[in-house]
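Asks: Sequence:
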Amino acid sequence: MQFLIIPFLLIVVFLLLFVILIFLVLSFDIFLELPYVATEHKKIETIIKLAAIKKGETAIDLGSGDGRLLLAAAQKGAIAVGYEVNPFLIAITLIHAKLKGLSENISVYKQNLWNADLKTADVIFVYGRQKNMERFENYVFRNSNKKTRVVVNTNPFPGKKPHKEENGIFLYLT
Numbered sequence: 001m002q003f004l005i006i007p008f009l010l011i012v013v014f015l016l017l018f019v020i021l022i023f024l025v026l027s028f029d030i031f032l033e034l035p036y037v038a039t040e041h042k043k044i045e046t047i048i049k050l051a052a053i054k055k056g057e058t059a060i061d062l063g064s065g066d067g068r069l070l071l072a073a074a075q076k077g078a079i080a081v082g083y084e085v086n087p088f089l090i091a092i093t094l095i096h097a098k099l100k101g102l103s104e105n106i107s108v109y110k111q112n113l114w115n116a117d118l119k120t121a122d123v124i125f126v127y128g129r130q131k132n133m134e135r136f137e138n139y140v141f142r143n144s145n146k147k148t149r150v151v152v153n154t155n156p157f158p159g160k161k162p163h164k165e166e167n168g169i170f171l172y173l174t
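The numbering of the sequence shown is UniProt numbering, which starts it at 1 and goes up by one.
Careful, some of the hints might be misleading.
What the hints assert, rightly or not - Ranges of calculated distance between the beta carbons of each label pair, as one might list FRET restraints:
#1 Q130 - G101: 44 to 50 Å
#2 I20 - R135: 30 to 36 Å
#3 Q111 - G168: 25 to 31 Å
#4 L21 - K110: 15 to 21 Å
#5 K147 - L15: 52 to 58 Å
#6 V13 - E40: 36 to 42 Å
#7 R142 - Q111: 15 to 21 Å
#8 V13 - W114: 37 to 43 Å
#9 L10 - K164: 56 to 62 Å
#10 L9 - G56: 23 to 29 Å
#11 H163 - S103: 28 to 34 Å
#12 R142 - G77: 25 to 31 Å
#13 K161 - E40: 23 to 29 Å
Said to hold, decoys possible - Below, in silico cross-link-like pairs of lysine-lysine (DSS-like), each with a Cα-Cα straight-line distance of 27 Å or less:
#14 K119 - K146
#15 K100 - K131
#16 K54 - K42
#17 K76 - K131
#18 K160 - K42
#19 K160 - K147
#20 K43 - K147
#21 K131 - K119
#22 K147 - K164
#23 K43 - K55
#24 K55 - K147
#25 K160 - K54
#26 K42 - K131
For the record, the hints were derived by calculation from the structure and aren't laboratory data.
Cβ coordinates follow ideal geometry from the N, Cα and C atoms, glycine included.
Please build the complete structure, drawing on both the sequences and the hints.
Replies: Printed below as a string of structure tokens:
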């Protein structure tokens, strides 16, 4: 009987550790300044429309999350580059890219978005909390090239007037 208890306890301990690990991975970004918030599919359509992506252009997503915008941009022919710190979300992005045959056009860097190289961007995607938008505005306009299209989801830049606005999505030109 004792021989049956030990394997049972090992299985229980393993399952408990597995549940804790999953919880930690999924709650990783709760402690970050910019937690993951998925973009609705309807908004993705509006973002891609306003971005007016042309084949071969570079689209950068600051805080790319699960890669929804990267996938949509790559489907339009863009070279899509994401900056994300959550390894779980990066893995999801890369798996989806592989499954959709877009992995050659999508790169994701496990890097803080405030260190992103924006000089190569034709389009930049931003989705941040209201309290972070002034910082995003300063960072994007200081570090991107002229005539870069910046598409902002939900919270507009406080110091700039958008070129266009549709469905809570704001388009700016640097």
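Asks: Would you mind marking each hint as holding or not holding in the structure?
Replies: These are the hints, each one checked on the structure:
1. Q130 - G101: 44 to 50 Å: Between Q130 and G101, where Cβ atoms are some 37 Å apart, the hint is violated.
2. I20 - R135: 30 to 36 Å: At roughly 34 Å between Cβ atoms, R135 and I20 fall inside 30 to 36 Å, so the hint holds.
3. Q111 - G168: 25 to 31 Å: 28 Å, holds
4. L21 - K110: 15 to 21 Å: Holds: the Cβ-Cβ distance is about 18 Å, inside 15 to 21 Å.
5. K147 - L15: 52 to 58 Å: 55 Å, holds
6. V13 - E40: 36 to 42 Å: 40 Å, holds
7. R142 - Q111: 15 to 21 Å: 18 Å, holds
8. V13 - W114: 37 to 43 Å: 40 Å, holds
9. L10 - K164: 56 to 62 Å: At 60 Å between Cβs, range holds.
10. L9 - G56: 23 to 29 Å: Hint violated: Cβ distance 58 Å, outside 23 to 29 Å.
11. H163 - S103: 28 to 34 Å: Hint holds: Cβ distance 32 Å, inside 28 to 34 Å.
12. R142 - G77: 25 to 31 Å: With Cβ atoms ~28 Å apart, the hint holds.
13. K161 - E40: 23 to 29 Å: Given about 25 Å between the Cβ atoms, the range holds.
14. K119 - K146: Status holds; Cα separation ~9 Å.
15. K100 - K131: 35 Å, violated
16. K54 - K42: 20 Å, holds
17. K76 - K131: 32 Å, violated
18. K160 - K42: Roughly 25 Å separates the two Cα atoms, so the pair holds.
19. K160 - K147: 15 Å, holds
20. K43 - K147: Given pair K43, K147 holds - Cα atoms ~23 Å apart, limit 27 Å.
21. K131 - K119: 25 Å, holds
22. K147 - K164: 14 Å, holds
23. K43 - K55: Holds, at about 21 Å.
24. K55 - K147: 17 Å, holds
25. K160 - K54: Between K160 and K54 the Cα gap is close to 25 Å, so the pair holds against 27 Å.
26. K42 - K131: Satisfied, since the Cα-Cα distance of roughly 24 Å is no more than 27 Å.
The structure fails to meet hints 1, 10, 15, 17 from the earlier list, while all remaining hints are met.
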